[in-house]
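Protein chains in written order, with the UniProt record's numbering: chain A, 1 to 238; chain B, 1 to 238; chain C, 1 to 238; chain D, 1 to 238; chain E, 1 to 238; chain F, 1 to 238.
These aren't lab readings, by the way, just hints derived from the structure by calculation. This structure is a prediction, so every number in the text was calculated from the model and none was measured. Virtual Cβ for every residue (Gly too), placed ideally from N, Cα, C.
Dumping the calculated EDC-like pairs for lysine to aspartate or glutamate here, alpha-carbon to alpha-carbon at most 20 Å:
id, chain 1, residue 1, chain 2, residue 2
1, B, Lys146, B, Glu109
2, C, Lys22, E, Asp180
3, C, Lys207, B, Glu196
4, B, Lys207, C, Glu103
5, F, Lys210, E, Glu196
6, D, Lys22, F, Glu13
Which bits of chain D does chain A cover? Going by a derived footprint, with three or more residues having C-beta under 8 Å, they are:
id, stretch
7, 91-105
8, 189-201
There are 6 protein chains.
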Amino acid sequence: MRPSARNRDELREVKFTRNYVKHPEGSVLVEFGETKVICNASVVPGVPRFLKGQGKGWVTAEYGMLPRSTTERMMRDAVTGRPASRSQEIQRLIGRSLRSCVELEALGENTITIDCDVLQADGGTRTASITGACIALVEAFNWMQKRRMIKKNPLKYLIAAISVGIYQNEAVLDLDYAEDANAETDMNVVMNANGEFIEVQGTAEGKPFKGTDLSNMLALAQKGIQELIIRQKRLLDL
Amino acid sequence: MRPSARNRDELREVKFTRNYVKHPEGSVLVEFGETKVICNASVVPGVPRFLKGQGKGWVTAEYGMLPRSTTERMMRDAVTGRPASRSQEIQRLIGRSLRSCVELEALGENTITIDCDVLQADGGTRTASITGACIALVEAFNWMQKRRMIKKNPLKYLIAAISVGIYQNEAVLDLDYAEDANAETDMNVVMNANGEFIEVQGTAEGKPFKGTDLSNMLALAQKGIQELIIRQKRLLDL
Amino acid sequence: MRPSARNRDELREVKFTRNYVKHPEGSVLVEFGETKVICNASVVPGVPRFLKGQGKGWVTAEYGMLPRSTTERMMRDAVTGRPASRSQEIQRLIGRSLRSCVELEALGENTITIDCDVLQADGGTRTASITGACIALVEAFNWMQKRRMIKKNPLKYLIAAISVGIYQNEAVLDLDYAEDANAETDMNVVMNANGEFIEVQGTAEGKPFKGTDLSNMLALAQKGIQELIIRQKRLLDL
Amino acid sequence: MRPSARNRDELREVKFTRNYVKHPEGSVLVEFGETKVICNASVVPGVPRFLKGQGKGWVTAEYGMLPRSTTERMMRDAVTGRPASRSQEIQRLIGRSLRSCVELEALGENTITIDCDVLQADGGTRTASITGACIALVEAFNWMQKRRMIKKNPLKYLIAAISVGIYQNEAVLDLDYAEDANAETDMNVVMNANGEFIEVQGTAEGKPFKGTDLSNMLALAQKGIQELIIRQKRLLDL
Amino acid sequence: MRPSARNRDELREVKFTRNYVKHPEGSVLVEFGETKVICNASVVPGVPRFLKGQGKGWVTAEYGMLPRSTTERMMRDAVTGRPASRSQEIQRLIGRSLRSCVELEALGENTITIDCDVLQADGGTRTASITGACIALVEAFNWMQKRRMIKKNPLKYLIAAISVGIYQNEAVLDLDYAEDANAETDMNVVMNANGEFIEVQGTAEGKPFKGTDLSNMLALAQKGIQELIIRQKRLLDL
Amino acid sequence: MRPSARNRDELREVKFTRNYVKHPEGSVLVEFGETKVICNASVVPGVPRFLKGQGKGWVTAEYGMLPRSTTERMMRDAVTGRPASRSQEIQRLIGRSLRSCVELEALGENTITIDCDVLQADGGTRTASITGACIALVEAFNWMQKRRMIKKNPLKYLIAAISVGIYQNEAVLDLDYAEDANAETDMNVVMNANGEFIEVQGTAEGKPFKGTDLSNMLALAQKGIQELIIRQKRLLDL
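Looking at chain A on its own, in the form it has when it is part of the complex (with noise of 0.2 Å):
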């Protein structure tokens, strides 16, 4: 029995709210479940000095918490005067998954950054950026075709990403915190509307994992996500 009473392989109550600030290029607040975070396309002309003059784009991606988005304050990057490492640690993966989705030489020499800021966390904040960062940013491909910055859209395919575990044994679909926190092992797992892999970082918490704890979770976070990326399709209409 999970914490939240959800079968092994049942995803929280997903839900996007577009247009969520006024300024971005594009904009998403993201919930998984009690999970939720604001995705903010920004798109700027020019490309970091090691791509200049190639006629590539370039996507990043930031990912930051309200310092009272967790159970206890956490202090603020401002205060300790360097980024917490593991927000760096995310950042990278997001940033990483999303350009594994996008034709770089479409996009021109523009950088398009994502910043993925959590309001609450609840377990699964890198899987819920990620799924919302690529909202965002295919709305900000759309604003730039609309001002005819870009030819063609550069979007190779969609991408979302789920949390997968073994909690008590058994390998569950979208860990939220209460499971999180007592979970054996903990893998995230980022894969594109053709059901292949972009990422998999598994973690064995408590203990190590087998082969077949592995399958399980694999194949669980393969349903999930099947169900994210029909969910991102349908707010698109693609």
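Take the given structure of chain A and dock chains B, C, D, E and F to it, following the hints.
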């Protein structure tokens, strides 16, 4: 004629959403028109070193902006490695104002930190922050009283804040971004429920202002703050 | 009775020493009683990036305190690794005030930085800084005119600043440290030679202040600033 | 055909040099072909604050690269003023993996820090680090047992790590830099002596990977890690 | 012929102004010609952690330059976010030299920090700093003895410092900036009242120096330091 | 009797291992007894801003210690967020010494950075660094000449460095850690192949030293450096 077609002494639409985030001991989303700020109160036992052993509590504030709360994306403090000096100035103002309305002795050796995070900026983020933070603070006091952490309510009076300015040679109330960017003078006023001043900060942006300008602006501020405090009282059943 | 036995509307002894340091393009030691601040103006060709190509100049200020300018030794910013937030707030005030009295177009694409460094603090360091910085700025303009770097003097008018406050329920002018530490309200006022306001910053330290307190303080400030500007004019032969 | 002419399932030459540095409580130079990493274990009494008083120990890791361990010289963290985010991600992985093989209760309130410093990089520095760090950790346990700082050996099992990837559409084991720079997928796997998984981190660099790719890579990783653990056991007489 | 027309073995005019700042426990403005340095001594009970419980005191120094103490304005450490490495090297030298003349046991568990801040630089700021800091230190000892914080004077002997160099193939004493910028060798020497060496730091700026150059420079330094110590003794009535 | 049973004028065993790391343009492991330092030279086209357009090159050095190169583990600069001031002082010394032996005009607008990283410290790391860095620098010159990046060899002469000190009232050569920790005076000397001085840095650690001590130490240093330069020449076939 104001860009928003408001009267000179007319506030933007003001909205408070309580329990906006579930973890904090007090949480309010405050909206002054298109300006949206989350105010989260965190109660932590203990006080800063300079207060230890005096039986008094402490109230402080931190202020931040989401990178894309503004028209152009701003760099995160985590990237620059230091807090923006404007943010520091604003959080010092918020903290100072909040402390003025608290009997620190009644708080015991506890610290309340109010995080004001701007989701969307359209002028007046600091005055919205103070007005919303006061509500989150009262909610935190209520939370503490329910848990018997404190015997009496430490609140001396409610406070609220509003901006006034000289726009096209006339004093106006509650400037939005379109006005603020072109105002000759910009003034932020913090007052309490008794109609007394907590803080007055006026700056000649374009040209110096006269004594009569100052009087006109102060009169508008007084009117606006009275309206805000009525709204606060209704919300809090005070 | 004031600790210094001064009348309520009496300034401390004011002293300006020109050419205090030999390298800067303008250099003044300003003393408000026991408060001593060095104001050094540096002229550098070029402007910050946001101003390039507009044919306008820039004026900015930095403020610092020697570690033992205060009763208790303060840590250096070089040790803490970040500028003190109080210093940043003060240098933003000084820079803003100075820019208000300069025709930036007449300055050409040059930057003047005024460094205000406190040798000895006894209350009122920010108002002494502004008052002295204005003189160093005029000296820098003279230096530039002699070298034909500029055609006309960019000065619009002189400015000066003074603190006022409510001490033992009465408005007083130019608070020294003994008063400042016990004042109920502390207000800093910057005005120009035409008797107009540049900046008004009032803070209720102990208890809120009323509209009449505000009027009394402003009247004292006006009187004090007039005296300071007479002193500046005599010194500069204006 | 691999650039190194190795078989698809063939490790590079692996070498361990014990007592490489004389001061640490455990010190190993590990070489995976041309990749060379120093792993130094430091034993210090006491634990981080969040563990105090629980009777448990702590194991952590830090990872760094000499500036010219790479083809192009990298800037030192001391110059940039912040740790490289890639280094932080790697040291979090190393620390997490090492903690999984330690009974922290048996360690007493002591902390072991493993420093992994790359002398020369040629692909696979993080897997070489984990494999070498495990040996340095065992040496530190032996050192503690000799001094009777601990009663029983806290080691649960040995662990080792290897990289696998898809190179020219085929799964290959233990990628060197020439392969790594051109691989379509890169995966790092940490396993224990019982053939269980500790960590799986797979990233589609070029194009997404399928479920069968994943299975092939995991099979290679399992084979490679078994060989590494045999080498570790021989070295440590286990 | 020296730029200043001094003899090869002639010091610049030396001036000490006591009680230059009113707050410190010892305060001296030292002038070596146009070089002006404030030396302020601060006495604080307690010692750094590595000395706790040993019954000994500590003496340390910090060195800074006002941004416009030099011909061209320098950036503040607060802006760069880190102390200038030259400043750190100098303050380590000052601190080490001062500790050599103090019986730390006689100081009790107290720390004296000497802040040396350069108002105006014209060559020799580090030697002026050491020479002035020694006086501020003695003043602090006197202050402590008056308050019976210490029983005996911890001073072992006075120290002073001077620069020497090879300028146009000849050894010269006490280089000013015009000489220093063109010297082939620059050497700073610290000696005590007994004519013994505390520190010798010689650097070939232009071309290497011979043993005879070294002897000539040391002889000049010895002469200059004797004169400085006579000046110190007269000032302090020793 | 010295702890190592060496004669007063006897160097520790000196060893140079060339091509220690494969990537740099010059790479040497230098060993002075148990002290081991990697010296890696990196050639990069271009020069720092202050040298641009002058047709001259630049030589600079960086110095670091592995966290456990010392008896007790040291924190990384990446953790403290700032370079250790001792390291900065040493790298300034190394860079200055190396520049003295290079004709910067002959180097063209190229920069050579020598990284000196201490694997194991047992006294004399800075003198070993200079002595090894000189070899790595020559190797980098050879590498540039082979690629016709420079026409003539920019080396003016070889340099080497050694420490001397007063240990138990006698001058001794090349102090190891056991001596260094107890020496009364510690002096580092850098000389060139012509027997001229580049740098002399002597510090009275315990008690002041006399002129005769200084002469004795310098004589030992001269002897030791001559032996080192013979070793360098043999190694480099010069």
